[in-house]
Structures are given as C-alpha cells and as structure tokens.
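**Q** Protein sequence lines, in the order shown, are assigned to chains A and X. The numbering of the first sequence is my numbering, which starts it at 1 and goes up by one. The numbering of the second sequence is my numbering, which starts it at 472 and goes up by one.
Take the hints with a grain of salt, since some may be wrong.
[What the hints assert, rightly or not] Here chain A is said to cover these stretches of chain X; the calculated rule only asks that three of the stretch's residues, wherever they fall, bring their Cβ under 8 Å from a Cβ of chain A: (1) 630-639; (2) 736-744.
[Stated by the list, open to error] Residues from chain A shown here face chain X by an in silico Cβ test under 7 Å; the list is partial: (3) Leu71; (4) Leu123; (5) Gly127; (6) Gly223; (7) Gln227; (8) Met228; (9) Leu244; (10) Ala248; (11) Pro249; (12) Pro258; (13) Leu265; (14) Arg266; (15) Gly269; (16) Ala366; (17) Val375; (18) Arg395.
[As the list claims (entries may be wrong)] Calculated from the model, a selection of chain A residues having no Cβ within reach of chain X, i.e. all distances over 10 Å: (19) Asp55; (20) Tyr332; (21) Asp335; (22) Ala467.
Hint data in this document are derived by calculation from the structure and do not stem from the laboratory. For each residue, glycine too, the CB sits at the ideal point set by N, CA and C.
Protein chains: 2
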Amino acid sequence: MTDHVVSVGVDLLAQAVADQAAPVSQVDWRPPLAGTEDDLATVALDPLRGAANADALERVLGVQAVLVDVLPAHEAVGLERGEFLHAGPPIAWDRASGPLRGALMGGAVLEGLVDTPEEAAELFEGGLHVRLEPCHHRRSVGPMAGVVTPSMWMFVLEDPATGARTHCTLNEGLGKVLRYGAYSPEVLTRLRWMGEVLGPLLQQVVRATVAQEAPVDVTAILGQMLQMGDEAHNRNRAGTLMLLRDLAPAMVSSGTDPAQVAEALRFIGGNDHFFLNLAMPACKLALDAGRDVPGSTMVVAMSRNGTDFGIQVSGTGDEWFTGPAQVADGLYLGDYGPDDANPDIGDSAITETAGLGGFAMATAPAIVRFVGGSVPDALATTRRMQEIALGENPRWSIPILEFAGVPTGIDVTRVCRTGILPQINTGMAGRRAGVGQVGAGLVNPPEEIFPKALTRLAALTRERAAATTPS
Amino acid sequence: MTDHVVSVGVDLLAQAVADQAAPVSQVDWRPPLAGTEDDLATVALDPLRGAANADALERVLGVQAVLVDVLPAHEAVGLERGEFLHAGPPIAWDRASGPLRGALMGGAVLEGLVDTPEEAAELFEGGLHVRLEPCHHRRSVGPMAGVVTPSMWMFVLEDPATGARTHCTLNEGLGKVLRYGAYSPEVLTRLRWMGEVLGPLLQQVVRATVAQEAPVDVTAILGQMLQMGDEAHNRNRAGTLMLLRDLAPAMVSSGTDPAQVAEALRFIGGNDHFFLNLAMPACKLALDAGRDVPGSTMVVAMSRNGTDFGIQVSGTGDEWFTGPAQVADGLYLGDYGPDDANPDIGDSAITETAGLGGFAMATAPAIVRFVGGSVPDALATTRRMQEIALGENPRWSIPILEFAGVPTGIDVTRVCRTGILPQINTGMAGRRAGVGQVGAGLVNPPEEIFPKALTRLAALTRERAAATTPS
Numbered sequence: 001m002t003d004h005v006v007s008v009g010v011d012l013l014a015q016a017v018a019d020q021a022a023p024v025s026q027v028d029w030r031p032p033l034a035g036t037e038d039d040l041a042t043v044a045l046d047p048l049r050g051a052a053n054a055d056a057l058e059r060v061l062g063v064q065a066v067l068v069d070v071l072p073a074h075e076a077v078g079l080e081r082g083e084f085l086h087a088g089p090p091i092a093w094d095r096a097s098g099p100l101r102g103a104l105m106g107g108a109v110l111e112g113l114v115d116t117p118e119e120a121a122e123l124f125e126g127g128l129h130v131r132l133e134p135c136h137h138r139r140s141v142g143p144m145a146g147v148v149t150p151s152m153w154m155f156v157l158e159d160p161a162t163g164a165r166t167h168c169t170l171n172e173g174l175g176k177v178l179r180y181g182a183y184s185p186e187v188l189t190r191l192r193w194m195g196e197v198l199g200p201l202l203q204q205v206v207r208a209t210v211a212q213e214a215p216v217d218v219t220a221i222l223g224q225m226l227q228m229g230d231e232a233h234n235r236n237r238a239g240t241l242m243l244l245r246d247l248a249p250a251m252v253s254s255g256t257d258p259a260q261v262a263e264a265l266r267f268i269g270g271n272d273h274f275f276l277n278l279a280m281p282a283c284k285l286a287l288d289a290g291r292d293v294p295g296s297t298m299v300v301a302m303s304r305n306g307t308d309f310g311i312q313v314s315g316t317g318d319e320w321f322t323g324p325a326q327v328a329d330g331l332y333l334g335d336y337g338p339d340d341a342n343p344d345i346g347d348s349a350i351t352e353t354a355g356l357g358g359f360a361m362a363t364a365p366a367i368v369r370f371v372g373g374s375v376p377d378a379l380a381t382t383r384r385m386q387e388i389a390l391g392e393n394p395r396w397s398i399p400i401l402e403f404a405g406v407p408t409g410i411d412v413t414r415v416c417r418t419g420i421l422p423q424i425n426t427g428m429a430g431r432r433a434g435v436g437q438v439g440a441g442l443v444n445p446p447e448e449i450f451p452k453a454l455t456r457l458a459a460l461t462r463e464r465a466a467a468t469t470p471s
Numbered sequence: 472m473t474d475h476v477v478s479v480g481v482d483l484l485a486q487a488v489a490d491q492a493a494p495v496s497q498v499d500w501r502p503p504l505a506g507t508e509d510d511l512a513t514v515a516l517d518p519l520r521g522a523a524n525a526d527a528l529e530r531v532l533g534v535q536a537v538l539v540d541v542l543p544a545h546e547a548v549g550l551e552r553g554e555f556l557h558a559g560p561p562i563a564w565d566r567a568s569g570p571l572r573g574a575l576m577g578g579a580v581l582e583g584l585v586d587t588p589e590e591a592a593e594l595f596e597g598g599l600h601v602r603l604e605p606c607h608h609r610r611s612v613g614p615m616a617g618v619v620t621p622s623m624w625m626f627v628l629e630d631p632a633t634g635a636r637t638h639c640t641l642n643e644g645l646g647k648v649l650r651y652g653a654y655s656p657e658v659l660t661r662l663r664w665m666g667e668v669l670g671p672l673l674q675q676v677v678r679a680t681v682a683q684e685a686p687v688d689v690t691a692i693l694g695q696m697l698q699m700g701d702e703a704h705n706r707n708r709a710g711t712l713m714l715l716r717d718l719a720p721a722m723v724s725s726g727t728d729p730a731q732v733a734e735a736l737r738f739i740g741g742n743d744h745f746f747l748n749l750a751m752p753a754c755k756l757a758l759d760a761g762r763d764v765p766g767s768t769m770v771v772a773m774s775r776n777g778t779d780f781g782i783q784v785s786g787t788g789d790e791w792f793t794g795p796a797q798v799a800d801g802l803y804l805g806d807y808g809p810d811d812a813n814p815d816i817g818d819s820a821i822t823e824t825a826g827l828g829g830f831a832m833a834t835a836p837a838i839v840r841f842v843g844g845s846v847p848d849a850l851a852t853t854r855r856m857q858e859i860a861l862g863e864n865p866r867w868s869i870p871i872l873e874f875a876g877v878p879t880g881i882d883v884t885r886v887c888r889t890g891i892l893p894q895i896n897t898g899m900a901g902r903r904a905g906v907g908q909v910g911a912g913l914v915n916p917p918e919e920i921f922p923k924a925l926t927r928l929a930a931l932t933r934e935r936a937a938a939t940t941p942s
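With the rest of the complex left out, here is chain A:
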C-alpha cells in the first residue's frame, strides 16, 4: 500500500508543489482506482499473499515450452463434430461480435456442417447442433476470433519437467483470414491446404525433431526474439525465421514431394506472424503453472471474445472477471477507419500476461510503424508495466534496457493501487462478419475488471481469516 492518500491527480499535485517553488520530480502517480481502498487494505493484510505471489511467479518463470507434436484438434484437445472453440471468456452466439460470428460461420463450412456461411448463421442461431467453448477451457489459446474446429491442426507444446501441455492452431497470415472474421472462398481454400498439406507435413517434421532429441525450444527462441526486435505479439518476424531454420532440414529430409515442401517453406517464410501461434501457447503453458495458488493476486489470463474482456487470477481459480472490450487506437489498413473496427478480440493478450507484447515494446521500437505510437512511448510502456508487475523474467531480457527482464506477473493489487492498466498491442478485426483485418493498434482492458477481481480476492482473504480465527 502507498503512504500517500490524495484525492487529486498527479498533475494538480505537481503543480501545487511547483507553485511553492519546491523541487519536484513529476512521476506517473495516480490515486488507487475508485472504491478499491477497503479491498486493497484487506488483501494487503492477507498473510498468504507475499509467499503466494512469489510462488506463482516462480512457477511461471520455471516453465520451458517445447514443440512436441502437431495434431488435428479432435486428437489434440478432443474436439467433437459441432464443437467450436473461441477466444476470450465464455459467450453465446447472440452476444458474439461480427468477427467471431464470421469465423464461426467459416468454421462450420470448413467442417461440412453446412454448405454456405449463410446457412451457418442459421445453424448457430438455432444452437441445437453446435456448442461454443473458450479455448482457455481446453488448454488452448487462439489469436483474434480464436475459432478452432475439429479438423484444424494445432501445435502441441509441452513442459518437459511436468508433461503439462497447451495448444494453438497454425497461423493463416494477415488480411482476409478466418481469425479476423473473413470466410470467403480464398480463406477456406487456404484452410483446406493447411489441413491437407501443411499440418501433416509439420507433424512429420516436428516428430522427427523430437525423435532426434532436438525439439524446437519455443521458450529459448522467445529469448532470442527479444534481442531481435520482436515483442512476440505483433512482431514475430525473427521467431518465424528461427522456426524455419530449425524445421527446414527435417522438412527437406521428410520424403514429402519437394514442390509441397517448397510451398510450405514459402508460406511460413512469407508470414511474419507465423510464430505468434507458438508464442501464445508457450505463454499459456507458463501461466497455467501459476494457477490456483491460494492468496496469489497474479493475473494468469487476459482474454477477449470481441464483446467482453476477461481476466483470470491465480488465487480465484477459473472465475472470469469481465467487462466490455475496448476499441484499439492505432493504424488502419487502406481506407478503413475507427468506425470499421471491432472491439478488442483474441486470446493473444496471453503474451502481455506473460510479459511480452505491449509489456516488451521497448525491445521492438519498429513496431510503432504497425500499431502506432512513438518510439519513446514504446520505451516508456515497458517501464510503466514494471510498476504493475510482480517481477522480471531473466530468460527474456531487453538489451536496450541494459538486459532487464520483461515485466512479468501482473498484480491485481498494483493495478488497483496505481490505476496503471496493462498495455496490450493488437490486431484489429473489422466489426462486420466477413471483412477480415482492418488495422492494428494499442488497447487496454476495461478498468473495472481489476476491482472486480480484487473484491473476490478480498472476500477469499476474509473467509480464510474467519476460518483460522479461534472461535
């Protein structure tokens, strides 16, 4: 808890001190989020909190994510015909945003449940033969709409120390792609090629790397990426190249038709975002290890379905704390503008939850040309995120900040106490189903979800205190 309690913003305070001609260093200090004072005081006194957060953070930092397999979703996470995974907290069709609806419609056609996207809309409105479930509930994450259907191939990541696994689909590229809500014939043709050629080839190649005891070490590649201008959310260029480097020899030796191998190499090499779908499950694998530590105030998931933004917290189990997803502020493709953009969507904020993405922007100044903002902003953002993080990740260091580790472990109490919200950088989907990507930008979670989580943490603290008080 802070020693200062004032009811005005820092600008007024600084001005007041300056008016008295006293020296003053202006800092980015604001009062705690309104109405959180009592809960903050309760949680601050929780005897479990310090050790619980240290334990949760240590568990997260100890995870190594290795690429061990590539499997269709029905094998990887047991997805059955008619089941659809999606990004974000739970939601039904009636509240689903345009891009999520578009991706679901395209997914239904891909699975042969219907013949046209239009019929698919009727299918989902009826609701009898389909079932929606968050990716996060199946040890998975999905970028943007995050729609996963049984036939889609998924990367399988594993922590060798525990055998824990997470999953993510293969990245389609940018523009008119399913995860941005597009479902035109070109989108489905690409997905079918990924299902028939790319997925099986990658399975064979990844299994070869495992058999050679040289599996792709995603956690280590992420460490290298941060030295190469990637923040691993909206820049995954170096990561994609390192993945190509690690898989290309086995692809050549796979016995697959060289023309198909060359096509796969061109597809991956032509999509700087390909590695995102490995970065995300690596972050989830790490954060899942920090779940369910009683008393821990550490955020273990931030996620959006295009309508709601939700977080989960270590000390509060599987409960989602949600509020309205915001529209990002950023740069638009072509003639698109703010009116075309859907509110924030995707499980990709798992990267920020693990200290990458917006939290690591200092190491990726070139990203301001993609998501907007300025280079000084990018540096300042990482420093600001240090204020709400429990610690740093020594495996993921930022050279320009003299090799400081990325700020890791968002602390609900620090967010409430400082009013500093996590900074996310993100792609922007068109708000109408079928449009696809319209831009990329910067966005925050809705402020209210952190006090909601804090209230629950405080309630649990009080329950524990009552249970241990001698009667």
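Got chain A sorted already, so can you dock chain X onto it with the hints?
**A** Chain X in isolation, oriented as in the chain A frame:
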C-alpha cells in the same frame, strides 16, 4: 570549419566555465588533430568540395546490391594458380602478420601448391611462384585475413542500374577457420566441402532465384536487419535467417540429394555470421560508386591486413593512406587474453565505411555481449559517428533513434577537425599463425592516416586552384 579555436580539451574548458557558475552543456568537442589546421583551411576553401561530397554520398546511397551468382574465384575475378587475394592494403609475406600467414599457408595447401602448411611457408618465403594482391584491387572484400584462392567460391553482387559487381567468399563460421589464420585438417576439410558441395549448390539456387526474377535483395535485407538487432558486422543473425528463408525453397527444388541440402541448411543456419560475406560486398558495391569524385573528402574504403590499416578516399583515387593497425579492446574466448591477439585485420571495416557495424551499434545493443562495452556506449557510438559522417542513409534506419538513418560517408575533414575516429567492431584473430579466433572487440584506425589523406586532398586542391588561376 568550427568557430571555436581553443588549445585545451573539453573537460578543462567545461570545468573552467562551471567554475564561473555559468550554465554549461558538456559536449564531446576536442581541438582538430595536431598539424591539420592549414590543410583543413585549404580543403575548406575548395570550391568543388561541397558538391563533390554531396555527389559521392548520393551515388553511394543510390546503389542496390542484388545477389546474382556464385562462382569460383578463378571465374569471378580471374584469379590464376599461385595468385592469392588478401585483406587490407598491399603487403608482402615478410611484413605479413601471423593470421595472414596462416591463412595463406592453408590456402596454398587447399590449392595443391604444396602438401603441408610448413612447405607453404617456404613457398611464400621464396616468393617466386606466388603473388599477393589486395581483395580491394579485384572488386572484392574478404573478412579477417581475407585470403581468396582460385578454387574458392564467391558471392557475386550486382547493382542492376549499372551492372557494377563486387565479390566475397562464403563464410566458414567462427573459431578454427582459415580467415582467422587457422589451417588444421578440420579447416581444410570444411573448405573442401564448401568447394565441392556448398558452392555448386548455392550457384544453382542463386541462378534459380535470378531466373525467377526474384533475386536476393541484399540491400533490402540489410534494412530489415537493422530493425532486428543486427549491425551487419559482428551480428548478422537476422540477415542469415532471411537469406535462408529466401534460398530454402529453391534449395529444396534444386534436385540435389536431400541429405546434402539438409546439410547445407544446417551449415548456414548454424552460422550466425554467414550473411557477413554478403553484407561486406554490398557495402563495397555502394562505396565503389562513390569513388573518384574530384574534391570529395569521403572515405570509400577502410581496411586492414593485420599489420597496416589503410583508407582510400574518393577524391584521391586508388592511393592508400596507411598506419599501424591497432589491437582491439574486447572480450576473449576461453583462456585467451590481450597478449594472444593480433592487430586489427580484415576488409570487414567496409561495413563501418558504409554506416553499418560500429556506426550502427545503437540498433544492436545485444552485441555488447560479444564485443564488449555497455548499452549506453552502443547508443553513444552511433551518435558520435554522426559527427564525422556526411549524411544518413534513409534505407538503413535505426528504430531506437526514432528511425534515423545510419551515419554514412566518413568525411576526412570532419575526422581531422573533431579528432573523432571511426568506431569499428571486429573479431580478433590469434597473433600466431594457425590459432584462429581469440575474441572480438572494439578498435579505431590509427589517427595519423586521416591527416595523411587530408594532406593529399589539400595538395590536389592547391593544384586545381593553381591550374584555374589566371596567369
């Protein structure tokens, strides 16, 4: 010319002003190099100078370097049996340093001129059947010892606008390699594999990219590298990965035995410095376009043979201005220390001459773990190099400096006027023939070569003035 003429260093001056309690911003200003005042005054009044430097710089910045072929040196630059190219200004065996001797000895065995490195030493001491020549005199550059023999394969780079070409051998990797002066059996075995497998495969693949009108654009890759933490002298990690990305599909489709293709992919992917041998000739191709502009004070080559450090200047033709090569200050491999290091060697300072390497260190802060120094030093170095450069290269920008172009076009007059010497980062060869690499570090040219070049520029200025003065 500066308005300030003082005879004391900046520290004393700043202290003196501070003692008088006047506000002072300390700047890195020093008096001109001793004895250069008259020549500086002469060259400053040369009516050609301003336009000549603008012209020379514009020519350099206009060059695009494209990879058009891979050829054995006897085809690429007409090298005959018994001819050896080497890095740096001209030198004979009797003054050659250990690593240059070691590389020449290994090269003689590789060519079958002798059976053992020991016999090779006698061959070079005799001198009858061998001929040494700088790489630079054959439109080529070579890293470290820079030894090229007729059977070694070379990259061929071309500027499509002019058809001008430059060349460089294929990179062997780090450690025990010929260019660092090692000549053990493993070194020669690797060179033979490069000659028999890698060179012919790359020739086939590069010719395929040219036939498909999609040749590797080395200049564009260099632009991307600067956004990915490479400064293109001692960090070429992203560049190597992008080269792999661009060549891998054609390698797969080449019809070559997949086992050999996989081996080549592993060799290139396992050597983060592979792209250096494309960065260097790209820089030379650009700088060669800036040669021979009368009145231009721009440096067009900085190069070292392990004994002498030499520069060539646009306005002074092919003349070398030389002084003793310095020993770098840096980090050592294993148990090696300063006593094991040879003085500065290699044509690779062509990267600094073109604005990369030490001049671009701000964009590659991770390099301080390889060459020494600190992250703030890396940033300060690029800013300091701006003081002696004629301009910036907009194609090669540094994100962390808000996308400023790399400082390009070292101006002899600015070096003499400010005393700021070009900053080079470099590998360090063992001083005894046969040792190989011992470390990497930071080094400067010997100060005296810039006043030497200035004196010649001043003499030419006076000649021109005399020729145009009405008699």
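**Q** Now, for every hint given, state plainly whether the structure supports it.
**A** Consistency of the hints with the structure:
| no. | hint | in the structure |
| --- | --- | --- |
| 1 | 630-639 | violated (count 0) |
| 2 | 736-744 | holds (count 3) |
| 3 | Leu71 | violated, 25 Å |
| 4 | Leu123 | violated, 40 Å |
| 5 | Gly127 | violated, 45 Å |
| 6 | Gly223 | violated, 11 Å |
| 7 | Gln227 | holds, 4 Å |
| 8 | Met228 | holds, 5 Å |
| 9 | Leu244 | holds, 6 Å |
| 10 | Ala248 | holds, 5 Å |
| 11 | Pro249 | holds, 4 Å |
| 12 | Pro258 | holds, 5 Å |
| 13 | Leu265 | holds, 5 Å |
| 14 | Arg266 | holds, 5 Å |
| 15 | Gly269 | holds, 4 Å |
| 16 | Ala366 | holds, 4 Å |
| 17 | Val375 | holds, 5 Å |
| 18 | Arg395 | violated, 14 Å |
| 19 | Asp55 | holds, 31 Å |
| 20 | Tyr332 | holds, 20 Å |
| 21 | Asp335 | holds, 25 Å |
| 22 | Ala467 | holds, 51 Å |
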